[in-house]
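Student: Here's the letter readout for the chains.
Protein chains: 2
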Amino acid sequence: MSSEGADLQRLAELLGGRGLEGPGDDAALLRSPGDILLTMDPLVEGVHFETGTEVRRIAHKLLHRNLSDLAAMGARPRAILGSFVFSKNWDQQQRYALYEALARECRDLQVQWIGGDLASTKGTTVLTLCALGAPAGEAPIPRSGLRPGMHLHVTGPLGGSLASGRHLDFQARVELGVRLAQRHPPATMMDISDGLALDLSRMLAASGGLGARLVESRIPLHGSLEAALHEGEDYELLFALEDSQEEALSRDPAIPEVAKIVIGEVLAEPGILLDRGQGRIVELPDTGYEHEFS
Amino acid sequence: MSSEGADLQRLAELLGGRGLEGPGDDAALLRSPGDILLTMDPLVEGVHFETGTEVRRIAHKLLHRNLSDLAAMGARPRAILGSFVFSKNWDQQQRYALYEALARECRDLQVQWIGGDLASTKGTTVLTLCALGAPAGEAPIPRSGLRPGMHLHVTGPLGGSLASGRHLDFQARVELGVRLAQRHPPATMMDISDGLALDLSRMLAASGGLGARLVESRIPLHGSLEAALHEGEDYELLFALEDSQEEALSRDPAIPEVAKIVIGEVLAEPGILLDRGQGRIVELPDTGYEHEFS
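Protein sequence lines, in the order shown, are assigned to chains U and E. First residue of the first sequence? That's 1 in the numbering used here, and the numbers climb one at a time after it. First residue of the second sequence? That's 1 in the numbering used here, and the numbers climb one at a time after it.
If we strip away everything but chain U, and leave its shape as in the complex, we get (with noise of 0.2 angstroms):
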């Protein structure tokens, strides 16, 4: 047995004297922080990691699930927030190791633990974060803003994510997000957590119902392309830049060469067609990973 009060000193140590309910004690203070981008994204065990996987993975994965929306908007994250109910399997040892993990990878990242909460409950384990950051580029990137003409990229291999377990150890692209935006500020930039064909038909529909051409033989794969469409959990930002950005980015030695490959472009009709070669060419379902409720 221990208590809540244990657990916030061991935090309030790993996080040199911050305390959990940082700077300002019942709530978080942030100075002035200029314009900031919020986002705040759950970890569910038996959802989002099995019981028994790695603390560390699980720390990892709750982390960079977060910064992977802040890298989505081309902004670089600056601190955290977070609310951690734990289930009767976690011990004081898992729970430590949880915090030290984070404090680990907040400290390589530069961002700042700023406060949170923590419970157990006699259900499963509910990690939660909320990631502050701040833009990068000169301005925040939107998921709408595509038109027809627009070339569409991606920053990796696509797909099979779960199956190889790499969607515990992905890196969110904040490094390539930020640089995106600073060097060649995308229209349009989303992360592909729910596969390539549901979260581009999201993208078409918040720019008012467009529509793309992808061309199988350019999409950069992991897996099978039916799990890069479909499956999700890539973490791969997918960004649409006009024809006349090209030539700076493909000459750009800052910007790995997969994610200079054009994919696919955007088109005025609704749907995604995706184009196999040899004038075969299908619509795609615009079908991924979603919740299902009861």
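Careful: at least some of the hints might be erroneous.
Unchecked claim - Derived lysine-lysine pairs resembling DSS-like cross-links, with alpha carbons at most 30 angstroms apart:
| no. | chain 1 | residue 1 | chain 2 | residue 2 |
| --- | --- | --- | --- | --- |
| 1 | E | K122 | E | K88 |
| 2 | E | K88 | U | K122 |
| 3 | U | K122 | U | K88 |
| 4 | E | K260 | U | K88 |
| 5 | E | K122 | U | K122 |
| 6 | E | K122 | U | K88 |
Stated by the list, open to error - If you want the ones that stay clear, here's a sample from chain E, every Cβ over 12 angstroms from chain U, calculated:
| no. | residue |
| --- | --- |
| 7 | M73 |
| 8 | S87 |
| 9 | E105 |
| 10 | G115 |
| 11 | T121 |
| 12 | L162 |
| 13 | G209 |
| 14 | H222 |
| 15 | G223 |
| 16 | D243 |
| 17 | L249 |
| 18 | R251 |
| 19 | P270 |
Source of the hints: derived by calculation from the structure; they are not laboratory data. The beta carbon of each residue, even a glycine, is placed where N, CA and C say it ideally should be.
Once you've looked at the hints, dock chain E against the given chain U.
Tutor: Just chain E now, with coordinates in the frame of chain U:
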């Protein structure tokens, strides 16, 4: 069966088109908000509410638990993000009722819903909010900053919150916190969530290890003294004023009479003494509600 997409759509409708992802899509954007205060607290089924509690009351407690932390800083709430992890027992009607109740309360309070995420779990329901506010007075009111001789006040009667069900219906002292911060800025303020004894001991510890003397006959009670001291879930504000501030407070018609009562004073010597009258003084244990972990 229904999907996350349908729920997100319903939330977008309720929130007047702002959408669950907020104006910034993958993350919510706040443009140059000035100093901001942030807090994040979960509501856990079986801990903070029992299975079967009316959804409207769950929504209310979830929101007000978070607003109470902002009130304790003398801050006016501005925006919230939510992360809702639903058990299989929550059907669509209940989920939508939660969104509707939150949207209604947010509208009334002029609090903007700016983003969040939904998931489902085989375990119990965990609803988490992150609330943002702005200091209403010249500066946020910290938890530390007590000095010997200061007077202690509370904003309302304490105790019996759990037994009476008031823990589901309490009003966070937002307006009174703002009024105090603007008109009678306390040196120190916090909300009483874990019992007067434990929360006061935290305030004394945060101020460098001071003590206090409470006068039993002056503590406003809803339930038993024991419940007021050690039970928690009252969400009244505990605050400290200089002697020189008392006269203005006592003459201010905008402050309720209960908040004008001096319930005790700060001492240089650590420990909390309770003056029970007729010369009987006892030392209080600093115990209250804390989550016990395994």
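Student: Would you assess whether H222 of chain E, listed as outside the interface, keeps its beta-carbon beyond 12 angstroms of every beta-carbon in chain U?
Tutor: Given a closest Cβ separation of 22 angstroms, the condition holds.
Student: Would you mind confirming whether the straight-line C-alpha gap from K122 of chain E to K88 of chain E stays at or under 30 angstroms?
Tutor: It holds: about 6 angstroms lies between the C-alpha atoms, which stays within 30 angstroms.
Student: Within 30 angstroms, alpha carbon to alpha carbon, are K122 of chain U and K88 of chain U?
Tutor: holds, 6 angstroms
Student: Checking one constraint from the list: CA of K88 of chain E to CA of K122 of chain U, max 30 angstroms. Satisfied?
Tutor: Holds, because 15 angstroms separates the two Cα atoms, which is no more than 30 angstroms.
Student: Holds or violated: is the Cβ of R251 of chain E farther than 12 angstroms from all Cβ atoms of chain U?
Tutor: Its Cβ never comes within 12 angstroms of chain U, the nearest being 28 angstroms, so this holds.
Student: Is the Cβ of L162 of chain E more than 12 angstroms away from each Cβ in chain U?
Tutor: Answer for L162 of chain E: holds, closest chain U Cβ roughly 16 angstroms.
Student: Would you check whether the claim that G209 of chain E is not at the interface survives, using Cβ distances to chain U and the 12 angstroms cut-off?
Tutor: Per Cβ check, G209 of chain E is outside 12 angstroms of chain U; nearest 15 angstroms; holds.
Student: Check the hint pairing K122 of chain E with K122 of chain U against an upper bound of 30 angstroms on the C-alpha distance.
Tutor: holds, 12 angstroms
Student: Given the proposed pairing of K260 of chain E with K88 of chain U, does the C-alpha separation stay at or below 30 angstroms?
Tutor: violated, 44 angstroms
Student: May I ask you to check that L249 of chain E keeps its beta-carbon over 12 angstroms from the closest beta-carbon of chain U?
Tutor: It holds; L249 of chain E is separated from chain U by about 21 angstroms at its closest Cβ, greater than 12 angstroms.
Student: Just double-check T121 of chain E for me: nearest Cβ-Cβ distance to chain U has to come out over 12 angstroms.
Tutor: It is violated; T121 of chain E is separated from chain U by about 5 angstroms at its closest Cβ, not greater than 12 angstroms.
Student: When you look at the beta carbon of E105 of chain E, is every beta carbon of chain U farther off than 12 angstroms?
Tutor: The claim holds: E105 of chain E sits with its nearest Cβ about 19 angstroms from chain U, beyond 12 angstroms.
In this structure, the hints that do not hold are numbers 4, 7, 8, 10, 11, in rising order.
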